[in-house]
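Undergrad: Below are the chains, spelled out letter by letter.
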Amino acid sequence: MAVKASKDSDPAPSRSRSLQAISGFVADDKGGDFHKLLNDRVRLGILSSLAVSDRLSFSELKKLLEATDGNLSVHARKLEDAGYVRCEKMFADRHPKTEYRITKAGRSALDRYLKHMEALIRVTSRER
Amino acid sequence: MPIDIQNQAEDNLRFIRSAMERAERVSAVSGAGAMAMGGIAVTAMALSAGVESLHTRLLIWIATAFLAGGAGAAGSWIKARRNNLSFSGDPGRRFLLCLIPALLVGVVLTVSLLPTQQVGLLPGLWMMLYGAGVLAAGTYAAAPVMHMGGAFLVAGLFAHALPERWSNVLLGLAFGGLHLYFGYQVYRHHGG
Numbered sequence: 049m050a051v052k053a054s055k056d057s058d059p060a061p062s063r064s065r066s067l068q069a070i071s072g073f074v075a076d077d078k079g080g081d082f083h084k085l086l087n088d089r090v091r092l093g094i095l096s097s098l099a100v101s102d103r104l105s106f107s108e109l110k111k112l113l114e115a116t117d118g119n120l121s122v123h124a125r126k127l128e129d130a131g132y133v134r135c136e137k138m139f140a141d142r143h144p145k146t147e148y149r150i151t152k153a154g155r156s157a158l159d160r161y162l163k164h165m166e167a168l169i170r171v172t173s174r175e176r
Numbered sequence: 006m007p008i009d010i011q012n013q014a015e016d017n018l019r020f021i022r023s024a025m026e027r028a029e030r031v032s033a034v035s036g037a038g039a040m041a042m043g044g045i046a047v048t049a050m051a052l053s054a055g056v057e058s059l060h061t062r063l064l065i066w067i068a069t070a071f072l073a074g075g076a077g078a079a080g081s082w083i084k085a086r087r088n089n090l091s092f093s094g095d096p097g098r099r100f101l102l103c104l105i106p107a108l109l110v111g112v113v114l115t116v117s118l119l120p121t122q123q124v125g126l127l128p129g130l131w132m133m134l135y136g137a138g139v140l141a142a143g144t145y146a147a148a149p150v151m152h153m154g155g156a157f158l159v160a161g162l163f164a165h166a167l168p169e170r171w172s173n174v175l176l177g178l179a180f181g182g183l184h185l186y187f188g189y190q191v192y193r194h195h196g197g
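These protein sequence lines map, in sequence, to chains U and A.
Under this note's numbering, the first residue of the first sequence is numbered 49, with each subsequent residue one higher.
Under this note's numbering, the first residue of the second sequence is numbered 6, with each subsequent residue one higher.
Simulated from the structure, these hints should not be mistaken for laboratory data.
All of these numbers come straight from a predicted model, not from anything done at the bench.
One or more of the hints may lead you astray.
[As the list claims (entries may be wrong)] Label-pair ranges, simulated between beta-carbon atoms:
#, chain 1, residue 1, chain 2, residue 2, range
1, U, Pro-144, A, Ala-78, 28 to 38 Å
2, U, Thr-151, A, Phe-20, 19 to 29 Å
3, U, Thr-151, A, Leu-119, 42 to 52 Å
[As the list claims (entries may be wrong)] Selected chain U positions facing chain A (Cβ under 8 Å, derived; list incomplete):
#, residue
4, His-83
5, Leu-85
6, Arg-89
7, Val-90
8, Leu-92
9, Ser-96
10, Ala-99
11, Val-100
12, Leu-104
13, Ser-107
14, Thr-116
15, Ala-130
16, Met-165
17, Ile-169
[To be verified] Far from chain U by the CB rule (all over 10 Å, computed), these chain A residues:
#, residue
18, Gln-11
19, Ala-14
20, Ala-24
21, Met-25
22, Ala-28
23, Gly-44
24, Val-47
25, Leu-52
26, Thr-61
27, Ile-83
28, Leu-119
29, Val-124
30, Met-133
31, Ala-156
32, His-165
33, Pro-168
Cβ coordinates follow ideal geometry from the N, Cα and C atoms, glycine included.
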């Protein structure tokens with residue numbers, strides 16, 4: 049009861065707890081800062097697109113995200129380095145083709161990012 | 006300040022949803038396959054136009070459904086292969102999971118109603134059940150697929166409201182015309 053009274057009179061502890069809960073989403077299991085990685089529209093777009101497709105080629109991703117070759121390859125490489133996407137290079141009709149697939153870690157990172165966004169919306173809605 | 010954070014978070018969620026929707030539109034349903042289904046249905050309408058017996062006409066349409074289903078599946082398989090996508094990948098699987106229950110209900114109702122006096126209800130039920138299935142499955146496909154599902158529902162309502170003699174034309178217009186029109190939209194704007 050006393051706790052409830054202090055909550056009602058001072059919203060700061062509850063706010064601090066909420067913010068703590070949000071910050072809990074920010075680091076991934078390996079301690080990596082996945083939030084920073086996904087806080088870029090091209091990288092977030094790559095991961096979101098791959099989450100609903102079995103695989104997407106470089107040109108499909110480029111068209112979907114309206115990105116340039118250089119921009120897309122830089123961001124895709126960052127996701128690949130983080131282990132969120134897997135890149136396969138092959139030849140199709142004698143032309144080189146690059147395809148991307150999301151990994152289990154990438155799917156989990158996107159899931160946590162979504163939960164983080166939802167938590168942010170919940171907390172900030174309460175404060176409005 | 007909290008409002009800015011909230012707006013940004015909402016904007017990020019909208020961006021993720023939009024990226025997912027655009028990506029799904031590259032895969033799954035084949036516009037060419039749908040057009041082939043439409044072509045088969047138009048042929049069936051022409052074939053059954055001169056047939057007097059309602060039962061025989063409906064049997065022609067049942068055979069057409071299997072043939073057209075095969076053409077649609079083949080179209081999706083070819084499209085998936087051309088785009089180096091798995092035919093049984095996530096979007097395709099979810100699409101089928103939404104479509105199949107309505108089709109199964111259609112099969113059960115067809116078997117139950119075919120030998121009865123209520124057989125005239127079948128064309129409208131077929132259109133509405135197919136429409137319901139396609140509308141649900143359209144959540145995982147390009148926008149025209151969902152619109153086609155809605156159009157089938159409306160066509161089914163017309164079939165129920167109009168006299169039985171219109172059923173063959175309505176089946177042709179719905180399964181032929183709608184597949185041809187929306188199939189072309191998918192073919193033209195959503196990767197073949």
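Undergrad: Which earlier hints can't be squared with this structure?
TA: 4, 5, 7, 13, 14, 15, 18, 19, 20, 21 and 22
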